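Chains as they are written, first to last, in our numbering: chain A, 3 to 211; chain B, 3 to 211; chain C, 3 to 211.
Rather than coming from a laboratory, the hints here were simulated on the basis of the structure.
A couple of the hints might just be wrong.
Heads up, the list lumps identical chains together, so a pair's fine if it works in one copy or across two of them.
[Unchecked claim] With a straight-line cut-off of 16 angstroms between C-alpha atoms, the simulated EDC-like cross-links for lysine to aspartate or glutamate are: (1) Lys28 x Asp90; (2) Lys209 x Glu79; (3) Lys49 x Glu129; (4) Lys106 x Glu168; (5) Lys28 x Asp178; (6) Lys106 x Asp171; (7) Lys115 x Glu45; (8) Lys209 x Glu129; (9) Lys108 x Asp172; (10) Lys28 x Asp93; (11) Lys108 x Asp171; (12) Lys106 x Glu197; (13) Lys106 x Asp172.
Note that the coordinates shown come from a computational prediction; the quantities given were computed from them, not determined experimentally.
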Amino acid sequence: MFKLSFLPREEKFFGLFEDDAQNVVKAAQALKDMVDTWEDVGEKVAKITELEHQGDTITHQIIAQLNSTFVTPFDREDISRLSQSLDDVVDFIHAAADAMYIYKVKRPSQRAKELADIIVQAAAEVERAMPHLRHRAELKQVFERCVEINRLENMADRVFRSAMAELFDDNANIADVIKWREIYEHMESATDRCEDVANVLEGVALKHA
Amino acid sequence: MFKLSFLPREEKFFGLFEDDAQNVVKAAQALKDMVDTWEDVGEKVAKITELEHQGDTITHQIIAQLNSTFVTPFDREDISRLSQSLDDVVDFIHAAADAMYIYKVKRPSQRAKELADIIVQAAAEVERAMPHLRHRAELKQVFERCVEINRLENMADRVFRSAMAELFDDNANIADVIKWREIYEHMESATDRCEDVANVLEGVALKHA
Amino acid sequence: MFKLSFLPREEKFFGLFEDDAQNVVKAAQALKDMVDTWEDVGEKVAKITELEHQGDTITHQIIAQLNSTFVTPFDREDISRLSQSLDDVVDFIHAAADAMYIYKVKRPSQRAKELADIIVQAAAEVERAMPHLRHRAELKQVFERCVEINRLENMADRVFRSAMAELFDDNANIADVIKWREIYEHMESATDRCEDVANVLEGVALKHA
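Throw the hints in and build the complete structure from the sequences for me.
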């Protein structure tokens with residue numbers, strides 16, 4: 003089967019996106035670890051903050067690369083949107099972890115654990131999709147990963163809606179309602195942005211298939 | 003008067019956008035019907051969810067069409083933004099209906115009815131603007147519809163601000179404040195996205211006039 | 003040192019962006035004045051509303067200019083994003099001022115004053131960066147302003163997080179928590195959009211340096 007091989011300079015973009023996706027996975031796992039164990043919360047938030055900064059560094063490298071490259075492996079706008087969406091995923095993971103910390107919540111709800119688990123799965127699909135961009139013959143596998151990311155986002159949406167309905171039912175304490183509502187929103191937004199990543203990848207795959 | 007007639011392939015874009023706008027109108031009417039009658043709420047939310055999915059299907063057709071067409075009737079970026087904004091209008095209509103349902107609100111406030119009514123009007127203007135895109139000689143009428151959409155968005159903004167001020171004045175029950183605040187925000191966002199649609203249409207009309 | 007001089011038509015873009023940045027500064031100063039003195043609040047909100055409308059007028063001029071110009075001094079997309087981000091800064095300044103007014107808050111917290119002060123500083127950096135766009139030899143100074151805007155945005159983020167943590171600690175009154183949470187979010191978003199402005203400017207400077 004014919005494999006289109008890209009030029010060295012373009013390799014750099016693929017490598018950076020793979021690094022960026024790996025960083026998203028690390029942040030997702032750190033969030034899951036945090037809500038599952040609920041120990042050393044401050045340190046775990048600090049770790050996610052550190053991963054957020056590493057993601058920022060990769061984003062800046064992608065943009066710098068974009069601005070110094072004439073022929074890019076896919077549309078400039080798609081490169082820009084893809085790096086922005088990956089950045090957003092980590093931002094929302096961080097925002098969720100940070101809100102749990104600064105609001106001093108007692109312990110994560112079952113729904114929070116479910117959402118963290120879905121985020122890890124969606125991030126893993128993003129990471130798996132990335133290397134397929136390198137080879138035209140593998141673009142079909144990009145679609146498969148995107149279908150899976152969409153499925154996970156729908157699942158997160160259902161868990162989020164159940165969590166929101168339960169919040170008002172279960173809580174006498176309205177301050178807790180406000181705090182958890184914000185935390186759940188950040189978590190759901192993280193899976194939304196994974197879907198944004200999937201949408202860009204799908205578009206790129208369509209154009210080059 | 004000279005009418006520029008576009009090629010068959012381009013017809014497809016116009017047809018899809020007209021379908022999409024019609025779908026927005028249906029969703030807006032379903033929301034208005036829901037808040038006006040406040041009966042069979044669960045079924046009515048299900049109907050709006052169904053319309054949201056139909057909108058998603060149209061969006062995917064537009065993007066697929068975009069990715070397989072070399073010469074588009076207007077800028078690719080505008081086509082992408084237009085379909086995204088139409089999609090967002092329905093998403094916010096759905097989010098408002100869904101929040102009323104999952105939060106089990108007693109019955110819609112007068113302000114909610116006013117906002118639903120404005121959303122229906124704004125959606126109708128979007129639907130009326132769309133066919134004018136087909137003919138260069140009719141682009142002036144696009145501007146007229148956009149002026150009207152902007153006026154409706156300003157009106158929604160005023161109703162929203164009154165609703166928010168009243169919320170805190172009228173409610174001893176802070177859980178209701180939180181719930182209605184979210185519902186109003188979704189409704190106001192729906193008209194905001196109609197304004198986004200108008201901004202794209204205005205830009206397209208300016209470029210081609 | 004060689005200075006690239008742009009053509010008259012392009013001058014117009016630079017002039018409009020400088021006007022727009024100046025308008026952002028005026029809005030930021032009006033917000034700071036409002037929270038510092040806390041007198042004639044209604045009039046001060048009206049003044050910010052007026053500045054928001056002036057900003058809208060400038061945005062429309064930029065878009066109209068964009069749609070009637072073939073050769074632009076920098077990428078069309080960057081021009082569009084830059085004017086949108088400047089518009090957003092003023093929108094969030096207005097939203098913060100407006101929320102304080104319609105929610106009839108007693109008086110601004112120390113954190114609100116700190117945030118208003120940071121917004122003024124970030125707006126001033128945006129205004130200082132703008133004229134450097136005119137001359138290729140001065141693009142390096144654009145980067146310096148962007149570094150400063152990023153620093154201010156990080157500072158606003160820290161103040162925001164402290165403010166949010168304190169909100170729940172200090173307040174027996176949950177309605178006040180909801181009101182201030184929204185006001186702080188708008189203020190923090192204003193500095194976020196200054197960072198968006200900086201990101202566009204940085205990209206433009208990189209491409210043309």
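Results of checking the hints against the structure:
Taking the shortest Cα distances, lysine 28 and aspartate 90 sit within 16 angstroms of each other inside one copy (14 angstroms), while across copies they are farther apart (31 angstroms). Proximity of lysine 209 and glutamate 79 under a CA criterion of 16 angstroms is satisfied in both settings, with 13 angstroms inside one chain copy and 15 angstroms between copies. With identical chains, the CA atoms of lysine 49 and glutamate 129 are never at most 16 angstroms apart, being 20 angstroms at best within one copy and 36 angstroms at best between copies. In the homo-oligomer, the alpha carbons of lysine 106 and glutamate 168 lie at most 16 angstroms apart only across protomers (11 angstroms), although the nearest pairing inside one protomer, at 20 angstroms, exceeds that limit.
In this homomeric assembly, lysine 28 and aspartate 178 never come within 16 angstroms of each other (Cα to Cα): the closest approach is 28 angstroms inside a single copy and 37 angstroms across copies. Taking CA atoms no more than 16 angstroms apart as the test, lysine 106 paired with aspartate 171 passes between copies only; the shortest distance there is 10 angstroms, against 21 angstroms inside one copy. Taking identical chains as interchangeable, the C-alpha atoms of lysine 115 and glutamate 45 are never at most 16 angstroms apart, the minima being 19 angstroms within one chain and 31 angstroms between chains. In the homo-oligomer, the alpha carbons of lysine 209 and glutamate 129 never lie at most 16 angstroms apart, since the shortest distance is 21 angstroms inside one protomer and 30 angstroms across protomers.
For the identical chains of this complex, lysine 108 and aspartate 172 are intra-copy neighbours only, at 15 angstroms inside a copy versus 18 angstroms across copies, given an alpha-carbon limit of 16 angstroms. In this homomeric assembly, lysine 28 and aspartate 93 come within 16 angstroms of each other (Cα to Cα) only inside a single copy, at 13 angstroms, whereas the closest approach across copies is 31 angstroms. Taking the shortest alpha-carbon separations for lysine 108 and aspartate 171, only the inter-copy value of 14 angstroms comes in at or below 16 angstroms, while the best intra-copy value is 18 angstroms. Proximity of lysine 106 to glutamate 197 under the C-alpha cut-off of 16 angstroms is found in neither arrangement, the shortest distances being 30 angstroms within a copy and 29 angstroms between copies.
Proximity of lysine 106 and aspartate 172 under a CA criterion of 16 angstroms is satisfied inter-copy only: 14 angstroms between copies versus 19 angstroms inside one chain copy.
Checked against the numbered hints given earlier, the structure breaks hints 3, 5, 7, 8, 12 and satisfies all the rest.
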